[in-house]
Structure formats: C-alpha cells, structure tokens
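Throw the hints in and build the complete structure from the sequences for me.
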Amino acid sequence: MTAMENDSWITMVPGIRRQTLVAGERMMQVLVMLEAGSHLPEHQHPHEQITYVLRGRLRMLIGGVLHELGAGDTAYMPGGTPHAVDTLEDALVIDTFSPPREDMLAVDREKQGKMSDE
Numbered sequence: 001m002t003a004m005e006n007d008s009w010i011t012m013v014p015g016i017r018r019q020t021l022v023a024g025e026r027m028m029q030v031l032v033m034l035e036a037g038s039h040l041p042e043h044q045h046p047h048e049q050i051t052y053v054l055r056g057r058l059r060m061l062i063g064g065v066l067h068e069l070g071a072g073d074t075a076y077m078p079g080g081t082p083h084a085v086d087t088l089e090d091a092l093v094i095d096t097f098s099p100p101r102e103d104m105l106a107v108d109r110e111k112q113g114k115m116s117d118e
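Residue 1 is where the sequence shown starts when you use our numbering, and the numbers rise one by one after that.
None of these hints come from the bench; they were simulated from the model. All values derive from a computational prediction rather than experimental measurement. From the three backbone atoms N, C-alpha and C, an ideal C-beta is built for every residue, glycine too. Accuracy of the hints is not assured; some may be wrong.
Restraint-style ranges between C-beta atoms, simulated for each label pair [to be verified]:
#1 Gly-15 / Leu-105: 15 to 25 Å
#2 Asp-90 / Leu-61: 30 to 40 Å
#3 Arg-109 / Gly-63: 25 to 35 Å
#4 Arg-109 / Val-65: 29 to 39 Å
#5 Trp-9 / Glu-42: 16 to 26 Å
#6 Ala-36 / Gly-63: 16 to 26 Å
#7 Pro-14 / Gln-44: 19 to 29 Å
#8 Pro-41 / Gly-79: 16 to 26 Å
#9 Lys-114 / Glu-68: 18 to 28 Å
#10 Asp-90 / Glu-25: 29 to 39 Å
#11 Leu-21 / His-45: 11 to 21 Å
What follows is the structure, given as structure tokens:
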C-alpha cells in the first residue's frame, strides 16, 4: 500500500502533513506533503536531516541561509541546526532522519492505536 492509499497522514501544521514510510534502528524516512503557502516555523532537533524534493518548490532557511529547492534538489541539516520552510508551490518531499525521531514515532503509535479502536 502506498502512502497516498491509506489514512495515516499526520498534520504537523496547517497545510503540512507527514507519514512515516519506514523506521529502523538508526534512521527513518518520512513522506511530507506541503500545500502552497504553508509555513513550517523555525525549529531544531538533535537529529541529522536530509530533505529530498520529489515535486514542487520550497524556500528553506537553514542555519540562517535561504535555499530555494525544486524537484530533484536535496538539503542537509546537521543535528541542532535551526531550519524553517516556506512552500512556494504544492510540494512532496522525503525527509530522512538519523537517529529516528522518537517524537514522531510516538505520534504514529498513538494514531495507530486510535485507528485500531474504531
């Protein structure tokens, strides 16, 4: 089953939803859909992050430097680096984190538990 075919999307902020694709012992991948005009506020986490743009366009502020990314572009954020995103047009990206984001995985487990109760 592909990410688009099930109901495991989790809203991060208005206009930005994510779905965990896979999580291992030392890394994880997350599919993220971003609507044009959406904004992910500046934040940081101890995890390394690689963002790969499948389609659309983003403006990312990474460590105080603006980067405009389109389909096929990649950005790397060392752990602890402040970063933010403005979505210039509808976009789909894959984020890879190392180590896995336990905060995201906890939300995934909670959502799965609620879905199995229905």
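inquiry  = Going through the numbered hints above, which ones does this structure break? Give me the numbers in ascending order.
reply    = 2 and 9
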